[in-house]
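So you can see what is in the structure, the chains are spelled out below.
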Amino acid sequence: MSTEKSTLGERITETDVLPRAKYLIVSYPAITLSLFFVVPLLLLVVVSTFQNIEGGFFQPAFTLENYVRFIGSDLFQGRMIYTLRVAGLTTVLCLAIGYPLAYYIATLKSELWRRFYLSVIVSSLFLTFIIRAFAWQILLSSDSVVPTIASAIGLLEEPVALVPSYFALVVGMVYVFLPFMVLTLYTSIRDVDNSLQEASRSLGARPLRTFREVTLPLTKSGIISGSMLVFVLSLGVYVLPRILGNPPQWTLAVLIGNQVGVEGNIPYGATISIVLLIVVGIILGTGWFLTSADRRGSL
Amino acid sequence: MSRVVLEGITKRYPGGVEAVSDVSLVVDDGEFLTLVGPSGCGKTTTLRTIAGFEQPTEGFVGINDNRVNTVPPDKRDIGMVFQDFALFPHKTVAENIAYGLKVRDYESDYIDERVDEMLELVELPETRDRMPDQLSGGQQQRIALARAVAPEPDVLLLDEPLASLDKKLRETMQVELRSIQRKLDITTILVTHNQKEALTMSDRIVVMNEGHFEQIGPPEEVYSNPTTPFVADFVGTANIFTGTVSSIDDETATVDCGATSIQSKDTEDLALNDSVSVVFRPEHLTVTDGKTATDGAGDQSTVFDGTVSVRRYTGDQIEYHVQTATEETVVAVQRISETNAEEGTNVSLRLSADDCLLLQQ
Chain A
1 MSTEKSTLGE
11 RITETDVLPR
21 AKYLIVSYPA
31 ITLSLFFVVP
41 LLLLVVVSTF
51 QNIEGGFFQP
61 AFTLENYVRF
71 IGSDLFQGRM
81 IYTLRVAGLT
91 TVLCLAIGYP
101 LAYYIATLKS
111 ELWRRFYLSV
121 IVSSLFLTFI
131 IRAFAWQILL
141 SSDSVVPTIA
151 SAIGLLEEPV
161 ALVPSYFALV
171 VGMVYVFLPF
181 MVLTLYTSIR
191 DVDNSLQEAS
201 RSLGARPLRT
211 FREVTLPLTK
221 SGIISGSMLV
231 FVLSLGVYVL
241 PRILGNPPQW
251 TLAVLIGNQV
261 GVEGNIPYGA
271 TISIVLLIVV
281 GIILGTGWFL
291 TSADRRGSL
Chain B
1 MSRVVLEGIT
11 KRYPGGVEAV
21 SDVSLVVDDG
31 EFLTLVGPSG
41 CGKTTTLRTI
51 AGFEQPTEGF
61 VGINDNRVNT
71 VPPDKRDIGM
81 VFQDFALFPH
91 KTVAENIAYG
101 LKVRDYESDY
111 IDERVDEMLE
121 LVELPETRDR
131 MPDQLSGGQQ
141 QRIALARAVA
151 PEPDVLLLDE
161 PLASLDKKLR
171 ETMQVELRSI
181 QRKLDITTIL
191 VTHNQKEALT
201 MSDRIVVMNE
211 GHFEQIGPPE
221 EVYSNPTTPF
231 VADFVGTANI
241 FTGTVSSIDD
251 ETATVDCGAT
261 SIQSKDTEDL
271 ALNDSVSVVF
281 RPEHLTVTDG
291 KTATDGAGDQ
301 STVFDGTVSV
311 RRYTGDQIEY
321 HVQTATEETV
331 VAVQRISETN
341 AEEGTNVSLR
351 LSADDCLLLQ
361 Q
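Taken in sequence, the protein lines are chains A and B. The first sequence begins at 1 in this note's numbering and counts up one residue at a time. The second sequence begins at 1 in this note's numbering and counts up one residue at a time.
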């Protein structure tokens, strides 16, 4: 490194720019993280302790009034549990529908077909939630496809509108979040070495037993992360309940939107957000604990 | 009694690629048979056909005199060891070994007993409660073997089981695998690309090339009497010349290979002007320095004069690559105590007509 090169570019690179650029590059994650995630979150926490003034304003204060009001209210007990329930049901249905689908695609021999099916699944994400929600609104309305077929095969007495309803909301949510589940599971199932399944077969285990004893346990972390992903996304759902549900089907996210947009009570909206975040945090933490315990176990 | 029978097995993949073409084989009870060949020769496909992971396009697969062509692997009563061992990473060593027994619904007392017995067999009782990733490569290999033989299968199938081990360990495992196989007296089919492994371990070798069997026989026979130039070249090292028979009598044939004439006593079924491959092993050549060149060359041997282009010292012997005047390379191997020629010096290689095989083309 002691060669005497003294072109201008080299001198600038080695003595001036490099040391500083290094710090910039190293601090990039810290800066983006704090700028876009930590600071907004702190602002949210701060605002949640502010006092609301009629007419969409608020003033700095330090009060836990909003928290006391929310946790003691029917909103918390009713809507929070309702939101968790919808998210839970969506997750379970996505898993039940998604696992066989992901398994089928992951075990296809032709790479072309695997890519094709994955592209089809990903392509449904190209459209925004709103458009897909409206699509389901139309599909489920009276005289439309789903009620007509349902009455034709005897599931409904006559073609009535299935929207807005709890049913419509769940259908819409499963449809919207299924790709996330399938993609997560797909990766996890692809990761299972085929020779493990063959080893199981060679030892006398039938396909179903092989699945139960080998494939399923080895895709456990995929099941947990896919479920956590869908669950957390479902908790924050805002557009779907508004389009496919009535007020009884509105989730916390809709109520937060209403507090801010309709009631003009920004601190209270912030409070509900924080509580929702804490609940999500607890769930994520549990999931993380479960998967890492799993990893410890298999060491 | 024959344990495994293949009759006219052909495996054609969609798109017309023929991985295996019309191969037939009978494996005897308790026999250790090895399928050896270069990668892509169809040996693994053949093994997977016996295991049931592949269905043959044509032909008959029999295990214990039953036709098993369409029987799935789990109903074939086989044990298999895979190249990457394929131990279940989420199960302990004991659970891995017990797997095949549990699937067969044995009593748990018997399973425990059998697991211990298997761990004793592979000399790893202390690993009972460990997870597979806490084992070394050699230990994983042994546990995979223990798992495969625990349910006492009819046939043990080994798919390149030693390929991922280092050389030293591989040689130890060759000996151990063979002695365990003898102890259990279990019919075993091994697939390997390593001809040395095939030679040292097997009762019989099947040399495969491009989907067909080149030669089947005991290791000694395959090595010293290869029936095709491919086998001669693949199993061990061989010098191969091609030429036509220019003269022949009761005892000796002379083959004209361009600039060189080679004498051979392998005259069976040979006629004048036949096209043949001349095959001889490096260890059958005697290396002498250039001066004594033609002295000993009677009519019963062939002498190659040339220059040492490469000299490889391998510890117990020296390998010479000798370039002849006609630009052909002949490989000779000498024990260390014999002639020692430097690179660039002239040497003579003498080949006795007894050691020279002629293969019809």
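Treat the hints as calculated values from the structure; they're not laboratory data. Think of the CB as a built atom: it goes at the ideal place given N, C-alpha and C, for glycine as much as any other residue. Keep in mind that the hints are not guaranteed to be accurate.
What the hints assert, rightly or not - Computed list of lysine-lysine pairs in BS3-like fashion (alpha-carbon distance at most 25 Å, straight line):
| # | chain 1 | residue 1 | chain 2 | residue 2 |
| --- | --- | --- | --- | --- |
| 1 | A | Lys109 | B | Lys183 |
| 2 | A | Lys220 | B | Lys102 |
| 3 | B | Lys75 | B | Lys102 |
As the list claims (entries may be wrong) - To give an idea of the chain A side of the interface with chain B (calculated C-beta under 10 Å), a few residues:
| # | residue |
| --- | --- |
| 4 | Gln51 |
| 5 | Glu54 |
| 6 | Pro60 |
| 7 | Asp74 |
| 8 | Gly78 |
| 9 | Arg79 |
| 10 | Glu198 |
| 11 | Ser200 |
| 12 | Arg201 |
| 13 | Gly204 |
| 14 | Ala205 |
| 15 | Arg206 |
| 16 | Arg209 |
| 17 | Ile224 |
As the list claims (entries may be wrong) - A short list of chain A residues far from chain B (calculated; beta carbon distances all over 12 Å):
| # | residue |
| --- | --- |
| 18 | Ala21 |
| 19 | Lys22 |
| 20 | Thr49 |
| 21 | Leu101 |
| 22 | Ile138 |
| 23 | Ile153 |
| 24 | Arg190 |
| 25 | Val192 |
| 26 | Asp193 |
| 27 | Leu196 |
| 28 | Leu203 |
| 29 | Val214 |
| 30 | Leu218 |
| 31 | Tyr238 |
| 32 | Val275 |
Going down the list of hints, with the structure as the test:
no. : hint                 : in the structure
1   : A:Lys109 to B:Lys183 : 40 Å, violated
2   : A:Lys220 to B:Lys102 : 22 Å, holds
3   : B:Lys75 to B:Lys102  : 15 Å, holds
4   : Gln51                : 55 Å, violated
5   : Glu54                : 60 Å, violated
6   : Pro60                : 54 Å, violated
7   : Asp74                : 45 Å, violated
8   : Gly78                : 41 Å, violated
9   : Arg79                : 40 Å, violated
10  : Glu198               : 6 Å, holds
11  : Ser200               : 7 Å, holds
12  : Arg201               : 4 Å, holds
13  : Gly204               : 4 Å, holds
14  : Ala205               : 5 Å, holds
15  : Arg206               : 5 Å, holds
16  : Arg209               : 7 Å, holds
17  : Ile224               : 14 Å, violated
18  : Ala21                : 41 Å, holds
19  : Lys22                : 37 Å, holds
20  : Thr49                : 47 Å, holds
21  : Leu101               : 24 Å, holds
22  : Ile138               : 43 Å, holds
23  : Ile153               : 36 Å, holds
24  : Arg190               : 16 Å, holds
25  : Val192               : 10 Å, violated
26  : Asp193               : 7 Å, violated
27  : Leu196               : 5 Å, violated
28  : Leu203               : 4 Å, violated
29  : Val214               : 6 Å, violated
30  : Leu218               : 6 Å, violated
31  : Tyr238               : 39 Å, holds
32  : Val275               : 37 Å, holds
This entry does not satisfy hints 1, 4, 5, 6, 7, 8, 9, 17, 25, 26, 27, 28, 29, 30, going by the numbered hints stated previously.
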